[in-house]
Amino acid sequence: MTNKEMADILFPNIDKTPEDYEKMYPERNIKEGAIVSRYAPSPTGFVHMGALFASFIERKMARQTDGIFYLRIEDTDGKRSIENGVSMIIQDLSNYGITFDEGMVSETEWKGQYGPYIQSARREIYHTYIKRLVEEGLAYPCFCKEEELEEIRKKQEKNHERIGYYGKYAFYREFSKEEAISRIKKGDPYVIRLKSPGNFEKKIHFKDLIKGELELPENDLDIVILKGDGLPTYHFAHAVDDHLMRTTHVIRGDEWLSSVPIHIQLFSILGFKVPKYAHISPLMKEEDGKRRKLSKRKDPEMAVSFYHEQGIPIQAILLYLITVANSNFEAWYEQNKNASIDDFSLDFKKISSSGSLFDMEKLLNISKNYLSRLKASEVYDLALSYASQYDLKLCELLKKYKEYAIAIFNIEREQKKPRKDLSKMSEVKEQIWYMFDELFESEPLQYEWGIIDSKDEILKISSYYFENYYNPSDTKEEWFSKLKDLSEYFGYAKEVKMYKENPELYKGHVGDVSMVLRVLLTTKSMTPDLYDIMNLLGKERMESRMERFQKNV
RNA sequence: GGCCUGUUGGUGAAGUGGUUAACACACAAGGUUCUCAACCUUGCAUUCAUGGGUUCAAACCCCAUACAGGCUACCA
Numbered sequence: 001m002t003n004k005e006m007a008d009i010l011f012p013n014i015d016k017t018p019e020d021y022e023k024m025y026p027e028r029n030i031k032e033g034a035i036v037s038r039y040a041p042s043p044t045g046f047v048h049m050g051a052l053f054a055s056f057i058e059r060k061m062a063r064q065t066d067g068i069f070y071l072r073i074e075d076t077d078g079k080r081s082i083e084n085g086v087s088m089i090i091q092d093l094s095n096y097g098i099t100f101d102e103g104m105v106s107e108t109e110w111k112g113q114y115g116p117y118i119q120s121a122r123r124e125i126y127h128t129y130i131k132r133l134v135e136e137g138l139a140y141p142c143f144c145k146e147e148e149l150e151e152i153r154k155k156q157e158k159n160h161e162r163i164g165y166y167g168k169y170a171f172y173r174e175f176s177k178e179e180a181i182s183r184i185k186k187g188d189p190y191v192i193r194l195k196s197p198g199n200f201e202k203k204i205h206f207k208d209l210i211k212g213e214l215e216l217p218e219n220d221l222d223i224v225i226l227k228g229d230g231l232p233t234y235h236f237a238h239a240v241d242d243h244l245m246r247t248t249h250v251i252r253g254d255e256w257l258s259s260v261p262i263h264i265q266l267f268s269i270l271g272f273k274v275p276k277y278a279h280i281s282p283l284m285k286e287e288d289g290k291r292r293k294l295s296k297r298k299d300p301e302m303a304v305s306f307y308h309e310q311g312i313p314i315q316a317i318l319l320y321l322i323t324v325a326n327s328n329f330e331a332w333y334e335q336n337k338n339a340s341i342d343d344f345s346l347d348f349k350k351i352s353s354s355g356s357l358f359d360m361e362k363l364l365n366i367s368k369n370y371l372s373r374l375k376a377s378e379v380y381d382l383a384l385s386y387a388s389q390y391d392l393k394l395c396e397l398l399k400k401y402k403e404y405a406i407a408i409f410n411i412e413r414e415q416k417k418p419r420k421d422l423s424k425m426s427e428v429k430e431q432i433w434y435m436f437d438e439l440f441e442s443e444p445l446q447y448e449w450g451i452i453d454s455k456d457e458i459l460k461i462s463s464y465y466f467e468n469y470y471n472p473s474d475t476k477e478e479w480f481s482k483l484k485d486l487s488e489y490f491g492y493a494k495e496v497k498m499y500k501e502n503p504e505l506y507k508g509h510v511g512d513v514s515m516v517l518r519v520l521l522t523t524k525s526m527t528p529d530l531y532d533i534m535n536l537l538g539k540e541r542m543e544s545r546m547e548r549f550q551k552n553v
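Last residue of the first sequence: number 553 in the working numbering, and the count goes up by one each step with no gaps.
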């Protein structure tokens, strides 16, 4: 029996040839240097930070070279796939502005000329290439059962030999074709293995765009390329798909690094041009003093939805990720404050070859700075969209008092050094609730008095202020100078300095007196600019807050 | 066990043979302000995992060791 005859028996329904597919999926018409990259996840659940990081880099590289970025779903392991897995990925990523030029757009549909973009729909293509390999005597059926493989492994362990299906252990490599066919006809389960031409003693050299020059042993394992269920393994699908989809750069996690010899071998056997590789180190997490790779199973808080629930702006997360990817971004951004991430040129060489700890502090700091640069109306939009999902009461208020809310967000904002006290939207309510009567009046109040905490003194100072000093049309300077006069009137120092120099002469200082008004009106000892708050509240509401204090405390 | 990768302050890191190891976060002290945040100033690795070697000279080159991570599946 010839190889050709065996191939026909193995794949009776395959009538296309590799050449047909080469024609169907021609070289892309893109400009020199353009990168074609892909994000190729398995549909196993939510997207987590590590995956977002990788897809962000993949997309950025394609974008900045006017290339193509596509989404390919790797669902060759049916056991791990979950329902709506594809939509979940698309949704999670689109929340972060990660969109695709080509690829899956729903569970079953795709856009682009190089599809299908889901591996379970590419069976025929894989079979065509494997059929050719069988014809050429480069692949063969293997009938090893799990137990037999286990036995081989044990024997190798005992003999201190390398583990794996290779050389003399590759029993079915030399199995007779006639016998193989008769077993297949009998219905025996089998897989197709590659007849590896590699020699483990020899080294291959290749250059990884991130890790640099590497030397790895050739692959001599007869790896499985087609599983018992008729679907290919990752390695084989990677070679066929990335070739036919004309991927120029395979950017992926570095858990694949040691498989590169297999992949290069596959590309060469199939007659494909080897793509460029860039292996990204994983984001790490520190736990019990040890660091480890972020894990989807162990770290559900690393789901990107977690950040959404906290109301950390998408832009802030992207700024953080690009900072982790290329640490020179920060300095560049400082110089180009109005530029966008798109204007920065990400460099493979500057991506760290060791894994970085995910740093929440740094993320929040970036977020805080980002938010401080926004206009009040932009902060309002973010807060509203957050509240609409996570705080309906606040959402209602923001909608009802839109202009007022924007004015609140504008306190100490449009100035050379804008206020920086907000790093995520989940903090908004805590920071502004007292500006809304609905919230102020509905809850029991906890006044955070300073050194002046006697009810008598508080009422004396505040009523005197409203009767004799308060004027809604005062400028900030006038307002403050009146506070100083008020302080003096009640025996408090006009200036903090004066008080510090001669504390025995005063009951306190102007700061203590302002504190009375601040706490009376807001209950809080720490607030943004009191002048702005008073202007926003207006005389009537301030008086009613004073009355409430008088009656209830 | 085998193969591979990584290791610079509390954190992210710059730096690849030549003066005091950038910068940012965090932290601390002082200043400033009506409070807070912010802001300003200053401090924060005599040393680049450890031990050897090469060199006039090493965080940078070489070797060994330790530790961490990955791969070694009909999982990706």
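In short, the hints are calculated from the structure, not lab data.
Among the hints, erroneous ones may be present.
Across the chosen pairs, the derived CB separations fall in these ranges [to be verified]:
{"id": "1", "residue 1": "E147", "residue 2": "P12", "range": "29 to 35 Å"}
{"id": "2", "residue 1": "Q156", "residue 2": "K203", "range": "20 to 26 Å"}
{"id": "3", "residue 1": "S94", "residue 2": "N552", "range": "45 to 51 Å"}
{"id": "4", "residue 1": "E495", "residue 2": "Y464", "range": "18 to 24 Å"}
{"id": "5", "residue 1": "P418", "residue 2": "G271", "range": "57 to 63 Å"}
{"id": "6", "residue 1": "K349", "residue 2": "R246", "range": "57 to 63 Å"}
{"id": "7", "residue 1": "L536", "residue 2": "S327", "range": "27 to 33 Å"}
Heads up, the beta-carbon is just placed ideally off N, CA and C, and yes, glycines get one too.
For each hint, the structure was consulted:
no.: 1; hint: E147 to P12: 29 to 35 Å; result: holds (30 Å)
no.: 2; hint: Q156 to K203: 20 to 26 Å; result: holds (22 Å)
no.: 3; hint: S94 to N552: 45 to 51 Å; result: holds (50 Å)
no.: 4; hint: E495 to Y464: 18 to 24 Å; result: holds (20 Å)
no.: 5; hint: P418 to G271: 57 to 63 Å; result: holds (60 Å)
no.: 6; hint: K349 to R246: 57 to 63 Å; result: violated (24 Å)
no.: 7; hint: L536 to S327: 27 to 33 Å; result: violated (41 Å)
Comparing the model with each earlier hint shows violations of hints 6, 7; every other hint is respected.
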